[in-house]
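Asker: What follows is each chain in one-letter form.
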Amino acid sequence: MKVGYYPGCTLNSTAEEYNISARKVCASLGIELVEISDWTCCGASAAHAASHLMAVALPLKNLLAYQKLGPDTLVLPCAACYSRFKAAAYLYPAHEEEMEEIFREKYDQALEIRSLLNFLTGEELLRSIKERVKEPLTYLRVVAYYGCLLTRPPRITGEEQYEYPTFMEELIGELGAEPLDWSYKTECCGMSFSLSAPELVIKLCGDILRNAKDVGANVIAVACPLCQANLDTRQREVEKRYQVNLDLPILYFTQLIGLALGMTPAELGLRKHLVPLRV
Amino acid sequence: MLAQEIKKDIGENIYKCYQCIKCTSGCPTVYAMDLSINQIMRALQLGKDDLALKSKTIWLCTSCWTCATRCPQGIDITSVMDFLRMRAAKMEIRDQQAATIAGFNQIFLDSVRSHGRIFELGMIIKLKMMTRKIFQDLGLGLRMILKGKIPFAPQRVGHMREVRSMFRRIREIEGRKV
Ligand code: SF4
Ligand code: SF4
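These protein sequences, in sequence, are chains A and B. According to UniProt numbering, the first sequence holds residues 1 to 279 in order. According to UniProt numbering, the second sequence holds residues 1 to 178 in order.
Note that these hints are calculated values from the structure, not bench results. All of these numbers come straight from a predicted model, not from anything done at the bench. Certain hints may be false.
[What the hints assert, rightly or not] Label pairs and their in silico Cβ distance ranges:
#1 B:148 with A:161: 41 to 47 Å
#2 A:216 with B:7: 45 to 51 Å
#3 B:133 with A:276: 38 to 44 Å
#4 B:5 with A:271: 49 to 55 Å
#5 B:155 with A:136: 33 to 39 Å
Beta carbons: idealized from backbone N, C-alpha and C, even for Gly.
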């Protein structure tokens, strides 16, 4: 199976291990990820706060390139990129003329835009993952953290479970780990405020991390490089601020799949995290 | 009145708001805001545009889509926040936290304009020059560099000419509108 793949800026820098583990896991499932070489930034949280046109144009520039590539599905590992691509596709009809003036071409709107998590937890691939599990993760109690952008708003994402999704838990269960119920799975981690307003991120991540700890998790599974970075890199400050001991490794769901399929922590880039997974 | 411009520009009808406060209840950053989300809506209904535009609230919104998902009146509040930020960006922002967030958005877009992708290290340095908080997060930055998480050079994108012409044409179209 061949699908288009847009890694996004962070997967080439701060979240390299998400890229590595996503590629490894997809390869072992027989999925070929096709990436264009000169993709550009989706604008993340900055473009839509600055200009309507920029918010549509930045993702669209990439959609135009991917529509020529072949595969009719485009998969995005980063929840923030995914959200911007989905929003751009949703808003495109209202800006069609302006976009044609900017790019001198039309978007045929045929690409199916999916998050990597949604894609890999589809019925068939989930079964295929289950069949390949070599080392069940029975030692892990996991809370699934979707973050705010992966499922919302439903009119743009098309997601049926948007307030209390459970498709990541389904995957975690198939990997042999124990998924736990909790109340912060779709709360916001503060996203891009990590650099511009860290004190906000520490409060938001503090709420998320402490609830995860309270329900008995020993790992948080994520599907977004911004969530991972905030929960991992700000954890020490959260511990200090709230006088708690957390020690919660933040793993990409692709790393969890990889571990269950028998890949080594080093192969999956686990050493890149600040809070280590001790197994 | 801004409420009318919002209707014209993004099609959202502020007058539909009936103050149920669902938006505010779910907002992750409301604890740090000066006006709650429903108060912003009320201010817009009453034509007190300045209250909304000068609030910290619009800058502390993370665009998490919670309010827009839950509003029983179907108002896309998240996009209303975007609209307000675009308007407020042209005014002076007094609050320091809000000004840093707004300034960072600008730094982010400058990075995309000049490299086609974001260049974290360049952005961090610019942010530090802007806020003069050189030492904030220094330890964390070093730990991340040691983990190989922060590249020292920007990523390379071919066809930078296309990126530049995209930004130029956007500016042209926006220039025609005002
Ligand atoms: S949720 Fe909607 S109707 Fe309720 S207060 Fe907020 S904007 Fe008004
Ligand atoms: S989108 Fe903004 S205003 Fe709405 S809930 Fe999220 S942070 Fe609050």
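Asker: Now look at each hint and say whether the structure bears it out.
Answerer: Do the hints match the structure? See the list:
A hinted range of 41 to 47 Å for the beta carbons of residue 148 of chain B and residue 161 of chain A is inconsistent with their spacing of about 36 Å. As the Cβ distance of residue 216 of chain A to residue 7 of chain B is approximately 49 Å, the hint placing it in 45 to 51 Å holds. Checked against the hint of 38 to 44 Å, the C-beta distance between residue 133 of chain B and residue 276 of chain A comes to roughly 29 Å, which is inconsistent with it. Judged by the Cβ atoms, the range 49 to 55 Å given for residue 5 of chain B and residue 271 of chain A holds: they are separated by roughly 52 Å.
At roughly 38 Å, the beta-carbon separation of residue 155 of chain B and residue 136 of chain A lies within the given 33 to 39 Å, and the hint holds.
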